[in-house]
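Undergrad: Hey, can you work out the whole structure from these sequences and the hints?
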Amino acid sequence: MSAPLFAASGLCKSYAEPVLADVSIEVHAGEVLALVGENGAGKSTLSRIIAGLTRPEAGAMSLRGAPYAPGSRAEGQRAGVAMVTQELGLIPTLTVGESLFLDHLPRRTGLRWGIIDRARLGADARTALGAVGLTSLEPSRLVGSLSLAERQLVEIAAALARAADLLILDEPTSALSPSEASLLFAQVNRLRAEGHGVVFISHRLAEVEGIADRIAVLRDGRVVTTREARLLRRDEVVRLMVGRAIADRLRRQGSPSPDRALRTVGLAGRGFQDVTLDVRCGEIVGLAGLMGAGRTELLRTLFGASPPTAGTIYVGGSGVPSLIRSPRDAVRLGIGLLTEDRKADGLLLPLSVAANITLAHLDGVASSGIVDREGEEAVAARFVNALSIRSHSLDQPVCELSGGNQQKALLARWLYRDSNVLLVDEPTRGIDVGSRAEVHRLLGDLADHGKGIVMASSDLEELMALCDRILVMSVGHVAGEFNRETWTADRIMAAALSGHSAAAATA
Amino acid sequence: MSSRPRELLGLLIVLAILTLAFGVGTGRFLTVTTFRTIANQIPEAVIAAVGLTYVLVIAGIDLSVGSILALSSAVLGVTLARYGLPLPIAVLAALITGALCGGLNGLLVVRWQVPSFIATLGMLEMARGATYLVTRSETQYVGERVEGLASASVLGLSIPFLAALVLVALAEFVLTRTVFGRYMVAVGTNEEALRLAGVDPRPLKLVVFVLSGLLAALAGVVYTSRLASADPNAGVGFELSSIAAVVVGGTSLMGGRGSVVGSLLGVLIIAVLGSGLAQAGAQEPTKRLVTGAVIIAAVLADHYRRARHQASA
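Protein sequences appear in the order of chains G and P. The first sequence begins at 4 in the numbering used here and counts up by one. The second sequence begins at 3 in the numbering used here and counts up by one.
Some hints could be false.
Stated by the list, open to error - Stretch-level coverage of chain G by chain P, calculated; a stretch enters the list once three of its residues show a Cβ under 8 Å from a Cβ in chain P: (1) 31 to 40; (2) 322 to 334; (3) 363 to 373.
Simulated from the structure, these hints should not be mistaken for laboratory data. Quick reminder that beta carbons are idealized off the backbone N, C-alpha and C, glycines included.
TA: Given below as structure tokens:
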């Protein structure tokens, strides 16, 4: 094969822990390379490095045989690399034409902030839009009035208008309907025929099989394999994505009691439908699924933070439906929620560890509305010791704690509230390996002490280590339920993907 | 929270330096009369600053306190002068007026999620308009019936001043030591976190706006008693000078951090500055230039503190 258009070798990057370790890939002109892997496998970091948004700690890249080390996205674009990101980066109040050429708008004078040459902008925009099949879209339309698919295509057009040789598409179809997606694929095929290189990132394996020439599978920051797409079967891809290590891990031995902790019948809300759930005291029920499968929305609805559209929730052994219209109702019924985003939805960052622990049950350390400071410190000290939260003092602002200790402080909040049901969303995201094991141990202990726990996680290893049962969600539906005897990583992953392939199959 | 004593100490030092500087500079600033004058002029500013401190702590703003002061003053003046009602009933009517205005502010913010800047900006105009209607745009001379409120004194200090000090102490206690105070700080720091901890922030926010309106009305009563009249143009710009004093006192415009005692010191600093500059012979334009610069310096100091805080996070 000829010299590659783009090559990377030995790329490394770590944040709290390594995300990319010794990654090498090549993309040839006229080729679509698909990157697949679980959430957190390193796909996004890799694409951000290629586009210049992130710098690698080690390794080298080359473009058309010349060294390539972009310091910014703009530098990457000048070199001929463009990325279309998952988060749509367009400004809704600008027109399509302005959005296409935002950083190099044609001007009537040489002034940097001078008058825009509307005629040339319109003509250039039409050319650029034509290149992605949007021939009927007026460049003067406001971006805010476009459908998600049109926006995605406008972003791709903007990338192509910069004469990109290498185009990175990160989950380009996540917002698209099947018919819109097929329009996008037609354009990707055309780009390939014209000799562009394309890096295509997607969870939807059916799409990947349809469009990719080669597939690179990433797992835990490493490229596990790179092979011709036609030589890889889908179950093989899934197996490579998940890896074998999981099956060997030690598992918690739970013994759920017959008492119910939480039950739902036909629960539906924004982003999920018809969820029937039965959690026993002492049981950890896992929620597996891909991003956007509806897990977070389900937990928020159980907690009263989002309204349900149908179905009933029963808390405890009661046969009477529980009315949960707000988090306040849920907390009073003994439910606690550890949110996915600790900092945005959980912690009072500048406030003390003690104030964060007592927040959900401040009445417990107050009399006649006056906070008993010594009582509060005693309570905080008790939980800091019990959960071994590492802090200099109880007065230390919680923002100064590590992610793992912040998570433990939030867990302490619900323990002090004496919640019987814990809803846990991505409990170890962004937490180092040591604290992660501690959080796992704590969750296990809580279940052993009779709490009912519902845990959403993108980390299969975590789910399989801790849970008694795992419900797999896919595109808002429960796509499978497994117990320790029946689950395997392959089966869970296949169920998580099932909704996506169904959607693709109807295209 | 541990940084609070140090911030208050800083304000005290600024206040001491200003006082000494004017004392040395003008030669006649350091007299009992000066301080008595200042003490008797600032109660309404202190009272309003207490309510505003709470509003700022919950990450809101209240632009309507000046107009509410004028409206409640007008209600007091008209009920006394035109209708001849007994003083306690007139005062009660004035306070209820302020609480209702604050309640409407709070309702708009809580129930319809109108940004407090907009809700209270509307109230600023509406209460002022109502003031003109109530007074028929004429100053209501109330006479000695209310002067008793202001003229009574202990050790030469007016009852309103002493009452304002008691209010500051009480409000600081509520802010730092009670469940209500903790929830206010939590709302201003991260309202969603408080909501997801099972505490409904809405009643709390409503009460804070009602309190701000009520205290603005109390400031209006004090103001009326001091001048023995209700002027429909009273308190124009009062909201801005009050917010300035609160911010100078170390309360953050971003919410979640504030001190009522700090606000008292902020009012004192601005009052000493104004009175000292006047005695030094500065005209109104100079006074305003200097006061404005002090406000900006205070906000920059707040910004710097925040940036340092986030850097350590």
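Undergrad: For each hint, tell me whether it holds in the structure or not.
TA: How the hints compare with the structure:
A count of 0 residues in the segment 31 to 40 of chain G with a Cβ less than 8 Å from any Cβ of chain P is obtained; the coverage claim is therefore unmet, three being the minimum. Counting residues of the segment 322 to 334 of chain G whose CB lies closer than 8 Å to any CB of chain P gives 5, so the stated coverage by that chain holds, three being the minimum. Proximity of the segment 363 to 373 of chain G to chain P, defined as three or more residues with a beta carbon under 8 Å from a beta carbon of that chain, is established by the 6 residues found.
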